[in-house]
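Engineer: Here's the letter readout for the chains.
Number of protein chains: 2
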Amino acid sequence: MRIGELAQKSGVSRDTIRFYERNGLITSTVGDSETNSYRNYKDDCLVWLQFFAGAREAGMSVADLRSIVEATAESCDREVARAVVQRKIEELKERANQIGNVVRFLENALSGSG
Amino acid sequence: MRIGELAQKSGVSRDTIRFYERNGLITSTVGDSETNSYRNYKDDCLVWLQFFAGAREAGMSVADLRSIVEATAESCDREVARAVVQRKIEELKERANQIGNVVRFLENALSGSG
DNA sequence: CTAAACCGTGGACAATGGTCTATTGTTTTC
DNA sequence: GAAAACAATAGACCATTGTCCACGGTTTAG
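Protein chains in written order, with our numbering: chain X, 1 to 114; chain C, 1001 to 1114.
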């Protein structure tokens, strides 16, 4: 599919898709038309982009995402990939914990001074 | 207390403290020495800074923090403050949820392709 | 055929959240 | 009293994460 369709389906803007591509989060191929150099995106790009959107909201950096993408590439060791992802999971859980602390602090502040 | 002590106790760098102060997260007063213009920070600055550190880790922006600080100022309506803080709490909980989704996605990816 | 919509490339611009440096003056410590 | 540590201010600088714009070319719809 072309970038416009991908953008529309994923809800991620063309510019951001290109930005992600420049940063190695997704890849595309140049189609074989002789008249243009439009790029082609496979379905898994859509899946990734949807994941990226959620992950960014969850506070993961583009660098984090890249490390996951890279680790899970076909060429990579399964065990290494597993370790990288596991690590990110731990970090996310820590972050969730931290959010819990902050929420408790704020709730406490509310009831304490209310 | 002076900025150095505050930095050391809070674990937040002088530069960052000044940055926060410029952005209205904390305030200080100029001491009454005739020879210098060193600023004075009260104990509650330390409490705030510790909160800020956790809140930033939890993904809150400086603007978020400012809105909390401003809403909870003495001069402000208790009910307004409560509403602002409650709103932030909801946002944090949403974020925690989002993290949960991402974690589940990643855990699934691990067990799915493992 | 023509206008509208699309595409690629490249680079400028912007907001956020700091960090570092330079300069000048003050305290503290030896 | 000299050196080391601290302080204030101002401004430069940096990475991150996009967004926007201009350009020239392509495809599609009417």
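Don't read these hints as lab results, they were simulated from the structure.
Keep in mind that a hint or two might mislead.
[Said to hold, decoys possible] Restraint-style ranges between C-beta atoms, simulated for each label pair:
hint, chain 1, residue 1, chain 2, residue 2, range
1, X, 78, C, 1009, 22 to 30 angstroms
2, X, 57, C, 1054, 47 to 55 angstroms
3, C, 1083, X, 104, 15 to 23 angstroms
[Claimed, not checked] Partner residues aside, some chain C positions facing chain X, computed with beta carbon under 10 angstroms:
hint, residue
4, 1019
5, 1030
6, 1046
7, 1055
8, 1059
9, 1060
10, 1062
11, 1066
12, 1080
13, 1085
14, 1092
15, 1102
16, 1109
All residues carry an ideal CB built from backbone N, CA and C; glycine is no exception.
Engineer: Look at each hint and say if it fits the structure.
Structural biologist: Cross-check of the supplied hints:
1. X:78 <-> C:1009: 22 to 30 angstroms: Roughly 46 angstroms apart at Cβ, these two residues miss the hinted range, so it is violated.
2. X:57 <-> C:1054: 47 to 55 angstroms: At roughly 20 angstroms between Cβ atoms, residue 1054 of chain C and residue 57 of chain X fall outside 47 to 55 angstroms, so the hint is violated.
3. C:1083 <-> X:104: 15 to 23 angstroms: 19 angstroms, holds
4. 1019: 20 angstroms, violated
5. 1030: 29 angstroms, violated
6. 1046: Where the cut-off is 10 angstroms and the nearest Cβ of chain X is about 14 angstroms from residue 1046 of chain C, the hint is violated.
7. 1055: 5 angstroms, holds
8. 1059: 5 angstroms, holds
9. 1060: 7 angstroms, holds
10. 1062: Hint violated; residue 1062 of chain C Cβ to chain X Cβ min 14 angstroms, cut 10 angstroms.
11. 1066: 15 angstroms, violated
12. 1080: 12 angstroms, violated
13. 1085: Because about 5 angstroms separates residue 1085 of chain C from the closest Cβ in chain X, which is inside the 10 angstroms limit, the hint holds.
14. 1092: This hint holds: residue 1092 of chain C lies near chain X, its Cβ roughly 5 angstroms from the closest one there, short of 10 angstroms.
15. 1102: Check passed: Cβ of residue 1102 of chain C comes within 5 angstroms of chain X, closer than 10 angstroms.
16. 1109: 7 angstroms, holds
Of the numbered hints given earlier, the model fails hints 1, 2, 4, 5, 6, 10, 11 and 12; all others are met.
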